[in-house]
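Peer 1: Chains as they are written, first to last, in my numbering: chain A, 1 to 467; chain B, 1 to 467; chain C, 1 to 467.
Accuracy of the hints is not assured; some may be wrong.
The list makes no distinction among identical chains, and a pair is therefore deemed to hold if it is satisfied within one copy or across any two copies.
Each computed DSBU-like pair below joins lysine-lysine, with the alpha-carbon atoms no more than 35 Å apart [as the list claims (entries may be wrong)]:
id : residue 1 : residue 2
1  : K285      : K126
2  : K426      : K219
3  : K52       : K378
4  : K285      : K11
5  : K426      : K11
6  : K282      : K219
7  : K282      : K11
8  : K52       : K426
9  : K52       : K282
10 : K217      : K426
11 : K378      : K285
12 : K53       : K282
13 : K217      : K383
14 : K285      : K426
15 : K383      : K126
16 : K123      : K53
17 : K378      : K217
18 : K53       : K283
No lab work stands behind these hints: they were computed from the structure.
Chain by chain, the residues:
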Amino acid sequence: MERPRHQGMAKNTYMRWRLPLVCLLWEVAMIVLFGVFVRFGPEADAHWEEEKKELNLTSDMENDFYFRYPSFQDVHVMIFVGFGFLMTFLKRYGFGAVGFNFLLAAFGIQWALLMQGWFHSFKNGKILIGVENLINADFCVGSVCIAFGAILGKTSPIQLLVMTLFQVTLFSVNEYILLNLLHVKDAGGSMTIHTFGAYFGLTVTRILYRPNLEQSKDKQGSVYHSDLFAMIGTLYLWMYWPSFNSAISEHGDSQHRSAINTYCSLAACVLTTMAFSSMLQKKGKLDMVHIQNATLAGGVAVGTSAEMMLTPYGSLIVGSISGIVSTVGYVYFTPFLESRLHIQDTCGIHNLHAMPGLIGGIVGAITAAAATEDVYGKEGFIKAFDFTGEYQTRTPSVQGGFQAAGIVVSLLVAFVGGAIVGGILKLPIWGDAAAENCFEDEVYWEVPEDEESDAYHMHNPDKPASP
Amino acid sequence: MERPRHQGMAKNTYMRWRLPLVCLLWEVAMIVLFGVFVRFGPEADAHWEEEKKELNLTSDMENDFYFRYPSFQDVHVMIFVGFGFLMTFLKRYGFGAVGFNFLLAAFGIQWALLMQGWFHSFKNGKILIGVENLINADFCVGSVCIAFGAILGKTSPIQLLVMTLFQVTLFSVNEYILLNLLHVKDAGGSMTIHTFGAYFGLTVTRILYRPNLEQSKDKQGSVYHSDLFAMIGTLYLWMYWPSFNSAISEHGDSQHRSAINTYCSLAACVLTTMAFSSMLQKKGKLDMVHIQNATLAGGVAVGTSAEMMLTPYGSLIVGSISGIVSTVGYVYFTPFLESRLHIQDTCGIHNLHAMPGLIGGIVGAITAAAATEDVYGKEGFIKAFDFTGEYQTRTPSVQGGFQAAGIVVSLLVAFVGGAIVGGILKLPIWGDAAAENCFEDEVYWEVPEDEESDAYHMHNPDKPASP
Amino acid sequence: MERPRHQGMAKNTYMRWRLPLVCLLWEVAMIVLFGVFVRFGPEADAHWEEEKKELNLTSDMENDFYFRYPSFQDVHVMIFVGFGFLMTFLKRYGFGAVGFNFLLAAFGIQWALLMQGWFHSFKNGKILIGVENLINADFCVGSVCIAFGAILGKTSPIQLLVMTLFQVTLFSVNEYILLNLLHVKDAGGSMTIHTFGAYFGLTVTRILYRPNLEQSKDKQGSVYHSDLFAMIGTLYLWMYWPSFNSAISEHGDSQHRSAINTYCSLAACVLTTMAFSSMLQKKGKLDMVHIQNATLAGGVAVGTSAEMMLTPYGSLIVGSISGIVSTVGYVYFTPFLESRLHIQDTCGIHNLHAMPGLIGGIVGAITAAAATEDVYGKEGFIKAFDFTGEYQTRTPSVQGGFQAAGIVVSLLVAFVGGAIVGGILKLPIWGDAAAENCFEDEVYWEVPEDEESDAYHMHNPDKPASP
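For reference, chain A alone in the conformation it holds in the complex (with noise of 0.2 Å):
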């Protein structure tokens, strides 16, 4: 049954050779380079039985698996439902949302356990795989989910795959110039995955700018359930955020500071985000673009700090000011960004990662800096930020001053990847929809005869009205 909509086929949308054809050569990539390269870590491989007796290890809970397992499965949850389902508040678009998502991020952690790996975990030729790498392959992915909340609706999936094969070897270029160069503190990724990932985004969508996007203005709205389903996503991120920041923070107190933190940020984040959301609106009603998202940038605002003795009262400040901060944003920014800077960013990326990403990089820094031994202990002050080694010597402020560079770094190498990345992805040879096409699921996916095309049966008097 044809369903009379503008298929105004200006773009040739035709995936059926194209999207197989990049699956299997980026999968069968994956197989070669896997085959070649990654093997398990000690604590995975068969071996760890003969290796715990070496290391004298008395229990096998000391296994990092039982450390950060329930963590993994919890940011598992996040990349996958949380950003999944927060971008299914579109009224036709929720095929694309939950579905892209769930493309680009299972090709991603693949292709980031590679690129992290060579850097991070490579020893006589092999990666050695373990449960941290798991986390921090979601953690990459985590980028590149952020920054399709930015293009969402308007690329097509094989733009998706190449932005994301880009997104992650850039992700982790900048990962290793932050953590092995600055020798920089970022957990929970303010500056790797926020700042990063959201500016990478604004940039490609700006490079992407498309004029005539008004034609498809009818579905850039919501419906009813449809934010309904966005609220599923929001609140798996909301809640599993403290293990977000927590999973590869290090072993104990660490963990467990950076798990508190973040509850109370985010807790502080809902309050400010719901008042400014009043007040913001004539009427005074609340807008569920801004629950959605904004109540979110608390977590994302202690991303670095998290870990460090940031205090429960600094988390209430930090959350408070980043839940205006992503409302305002909503409210102001987000139309100014579209019509002056020609920033087409549907979900608001800017509010929710960007601004918020660049909070927490600056919280970072100001907290590195002013830290103490009195206020960590002496050996508490050394494990927080590793001051061994070639870093025995610098001191707090020092620290801080790194901290900072490390945003500048983060902005740089995404405004610089992005606008690449973008002109790549600008070529007309990917299968982008028509600006009147964009936000519809039916350009990419069999779409089902629903309630909607039930009511417009029932202008088709030849149709009886119930189906």
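For chain A, the structure is supplied; the task is to place chains B and C on it using the hints.
Peer 2: Same frame as chain A, but now just chains B and C:
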């Protein structure tokens, strides 16, 4: 685009200045009080590195974080997704259900950290928090979510914030009396969370009785998809309830046992609920209201006794009975409460929390009174009931008596507190909606044009049917 | 308000006395049997406090609860939300999908605790249960959920309860033969759960063949939002599958390795599924049926081998192949099975569980046969395959042979058992619906007036359009 809905604005529901004011005032107070009082507990503080050595801890695994964090996350999901989505069953109140639950819980956990902290974690002028405090704060807020179920759709967000402030306070006082003065066991909160929360909420809704509520009767039902959204809430509550009841039990066998007992009780509860749902309906069809709610009564009813040696078959019996009582309650008691006692209980919390909570308290008292050293082992017996220090000589039967006293105290605090708080909420300054606008998101939320309104427009000859 | 739906009550679907009778009978039996047989295992019993000292355990962390509880909760979510929501894709069978899955699983886990307990945890006349038993009970019920997928929408709840009783019994017998008699490894259940469950279900649906099922063809499809609900199920299955395959592996490296292998396999599976979904459709569009189901085949296909040294690239290969096989199955095999073999497989479990399950069994046999002391280490080798006691001298190639035998046994038990149980379910006493009422919730559920019926009323001139 205006919708010609009944906006009989007899009441002023304008939130623009009132809601932001309350939210921001509350949050500023939290920041100040956290600043003065709240610090990291020893296991979340960077000094733990040193303390570990003093305590001769050989592994980071001994940090309480690893004993409780997975359960904490499950509880967190129950509070925000579980309760939030459970209440989305109403056809036009999904935003309010999930959004206001989000708001009150996010505020409540902050205030609970303080209130419970002063009672239980106060040392040298500071409240020292760790993962157990986060769980307890979530628990405390759980009782507010329960009370919210009674007044769902009939109150303004400001009323909810005011109620949360008072209810968290009363919860903490009641909890202190039970746990510290009466030395009662109640790890899963049959008394402190469910009995208290439900009777508090029922008293509040009695005070706020709306004689003309049938004016919004058309919105008190569900639609097909809202019932499915509600099932998300139901299932997450059901699946994670073993974590709820075991989250703050003693390490080791207690946590293990609590999870098993709860698992068994809930499984049995599903079968008796289905049986009675079919049996009590003339056509023998199952009713989603029962499946969404009464299946959970088994978790409530073992809240006190789950960590005791209730045994798996004991759990099956308790779960079976509570499923029956709860389902019967929905069919017979809820209409009776409304028509005779003027208690309008939107979600039927009397059936899901009040009666099963009482059952839970009684089962706990009996199980405690029946405890013997033979069943628990000499050391296990002391550990299970904490018969140390001044309680060294307490016998099981005396403990059973104190447990029963705990039920009575919880009821008293609920009734008296609920009456007072209900009186405060009755003041005409909080912006609640008129009776004909209850159960309607449009009062406090920006609601998108949706399928339904598309259908509406089809009668509008100057609009095309297809959106 | 009556809906003029086709209620061609050729069959008596009246459940009022039959369903309650079966539910209560089943539950009473459970209570009696639990009372006679089931007790807490040593790690959940209050005596553990003393036992800990005897065993020289220095930490509560050594309790198995902490090794397995997070995985248990993930598996629990897979059974109730994963399978439940995966099957909500049908436009008018969401209540039945999630509700009946809830019912059969809640009963099944109780019966499974007994059946598996008698075979595996029976000591001195008592079944001693702990967290591992809970996981195994969930696993066992997983095989029933799979079979439910084949007959979804075509059976009464009583038939499902009867089938559950028998299938759990057969599962336990088959599992005992495989694990104890053949000494086969199958931690993720490629053979015991998926191969057995799927071929059992396919045999049952073959016996229950309905020649006139096209009468309800209009209800066999999805609507837009039902496809999104189904994606919740898909994603939770996909994300938590690493926990499924590692939940009952040996502590330490085995659990760690299982999670990594499953993660890799699933990631690869998504890409090949997307590729073939697009490739096999004339217009090149993606099909939600494939995305919802075939993306999971990678988890099934490493169910046996995940805890072995399959290696990450081996997992990618297995995942890639299974995604292809599964998607091809949906496009070509399902129609063939229905038209030629009269196997009506509502959810396509042949593609998601049967074929990938066989692949999983074969991959497991090969991986076991290829094991060497070099790859596993001397001790790791013995631990991985439990080559101790009477199996001390078993070689990898012999183990491979026994693994293959496990597949054959599972198939035999499934076919014979399925035929017998199918025969029992064919008796005309269970209240199943007529062909034209299949896939319709109204037969067994109170269904609310909804959007659709609002649309219906629009043709009713004496009703206003807006509800």
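Peer 1: Could you tell me which of the numbered hints above are not met by this structure, giving the numbers in increasing order?
Peer 2: Hints 1, 8, 9, 11, 12, 13, 17 and 18 contradicted; others consistent.
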